[in-house]
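A.B. asks: As a plain string of letters, each chain reads:
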Amino acid sequence: MAILEVTDVNKRFGGLRALHHLNLQVEEGTTHAIIGPNGAGKSTLLNCFVGRLIPETGSVTFDGASLLGQKPHQINQLGVSRVFQTPEIFEDLTVLENVMIPAFAKADGAFRINAWQRMESRADICDEAKHILEEMGLVEQGAVLSSTLSRGDKRRLELAMCLIQHPKLLLLDEPTAGMSRADTNNTIELLKRISERGITKIIIEHDMHVVFSLADRISVLAQGTVIAEGTPDEIKGDPKVIEAYLGGELG
Amino acid sequence: MFGTSSRADWLLLIAFSAFVLAAPVILKPFGAAYPDLLQKFAIYGIFAIGFNILFGLTGYLSFGHAAFLGVGSYASVWMFKLFTMNVIPAVLFSIVIAGLFALMIGFVSLRRSGIYFSILTLAFAQMSYNLAYSVLTPITNGETGLQVRQLVPADRAADYVFVLRDEDLRWVDQALGVVEEGIPITNLFGMKMSGYPGFYFCAVLLIICFFIAMRISRSNFGMVLKAIKSNQNRLSYTGVNTRPYLLTAFVISGMYAGLAGALLAVTDPLAGAERMQWTASGEVVLMTILGGAGTLLGPVLGAGIIKYFENIFSSINDTVLENVFSFLPTTLQDMSVAVTGMFVGEGWHLTLGLMFMIIVIFLPGGLMQGLTHLLGSFKRKFSNTAASTDSPG
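Chains as they are written, first to last, in the numbering used here: chain Y, 1 to 251; chain W, 1001 to 1393.
Don't read these hints as lab results, they were simulated from the structure. Hints are supplied without guarantee of correctness; some may be wrong.
With a straight-line cut-off of 30 Å between C-alpha atoms, the simulated DSSO-like cross-links for lysine-lysine are [stated by the list, open to error]:
#1 K1226(W) - K168(Y)
#2 K71(Y) - K154(Y)
#3 K1379(W) - K71(Y)
#4 K1229(W) - K154(Y)
#5 K192(Y) - K168(Y)
#6 K154(Y) - K1226(W)
#7 K1226(W) - K1379(W)
#8 K1226(W) - K106(Y)
#9 K168(Y) - K1229(W)
#10 K168(Y) - K106(Y)
#11 K130(Y) - K154(Y)
#12 K154(Y) - K192(Y)
#13 K1229(W) - K106(Y)
#14 K1226(W) - K130(Y)
#15 K1229(W) - K130(Y)
#16 K71(Y) - K1229(W)
#17 K192(Y) - K240(Y)
#18 K130(Y) - K106(Y)
Input sequences plus hints: build the corresponding full structure.
C.D. replies: So this is what it looks like as structure tokens:
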């Protein structure tokens, strides 16, 4: 069953056609990679999923509910978490506080004033936070300011912040951008472990090594539309994909 | 794993309370132990703690908080004029009115962030200030300011509804048969709210306000406010609707300012529009940054220092300086008086400005940052010596 359905989406920026009659279906429980050359519309598409952009026409439906016109926090409350290209964390707070905030947002909703209760007196949330930090190998840095973490640890922290919310859909925007080979491989291992939880994932990625290691299905975007879709093996041999990446003249 | 334990917080609260209640004794050597100044310390301490809930936690810099201070003062004086000289209704009414006012201004201003938010709050405060001098004179009594007056003679009481510039009604006090001779003084169930009783009333409220601010900053609500300052974008993608959190923080800090305004009227029953001027809004920003934005004690410390300078440094004049330098030969004495004279008396702003610059440049976290560093290095030194004596050989 498709958990995310994108139907006939169009988006223009001035004269530029960023998304053009785009259709996409993401099956529940799969890891779906979206690849394509620069300017193909990958980030625009992602921003339509999270409420930052609203397409001119078409529909984006998640788990039976339309995402169009919803604010980022509402979409998150529906069960969509995202990881940014450069890890976005609360740099002025400790690692533990960083994972407790999303846990509170999941448990208490988008707005609730509990100004009188000490944070650590919520045992359920504390346990969950410590558990996720153990799983991510960050438990020793719990009391450390998150700005002092290494880039790889920041990425793991950001993933922990998403996973503590038990999302139905996890969006990963170039999770290995700018990483060394070793860090990239660590991230791949981490994401493979997450796959065991059955969370649906959408990965936007340039690095084919990452894509072919993780993806169950791949959609190839070029000039704002899906030009090919299939399993990694099907995509590898597709002449249209090679043309899109290497340019028409060579094909 | 948490920055502070609940036990450490209780110790801090007890130490803070002890210091505040013993302030008349502790501040005596500094020449600051007279009730008028002590009241100001406590009142502006409350103002700065409240301001810090908005600015220190969320990072939203309001440049119009003096408006809530002014509104609180006017609301209190009206309670004195219309109902009773007892301070409890006045204080409660001021907090409510300032809260409603903050709700309106915050609702509009929080549609923007950064410098635009600051400018919007500044615009609202200046608007209130100018309105108080013009259109709203029936409520504010314009330049003269709103004051507590003598009672209206009973035979003319019916003529008055809201035109009460020169005479008051005080329905509740009249119904209770309180006898007034001349212009009455504010009281707490009969206890006069001037001098030291007035200070202790403010001091108790300061301790309560400090406790509330402490609870807020240790709660999830406070943590969300800190996260807004840290990374608002991430917070909205984490499922938190930031706007109502910001508005709540804005209203709470407006209520703190309203309480401070009420206490200004309690200790001196008079309200003037100059309390709402932008310089007054700027002063609370200085207090918070000077002491340490985002810390619990910093704002109170900053408020104390600024009010101390304003009252003590500004009262030092050339005669005092001549006495200080009297041991020097006449030429040197004159020179010393001329140089130091620039920094005291009228020139106390210069001292404050220099101090502010030095602190912002070298201690961006305010005086509290300096104190924490000092304490930290003491602790390290102590543990180092302890470790070296412990080690065998």
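A.B. asks: Which earlier hints turn out false for this structure, listed by number in ascending order?
C.D. replies: 3
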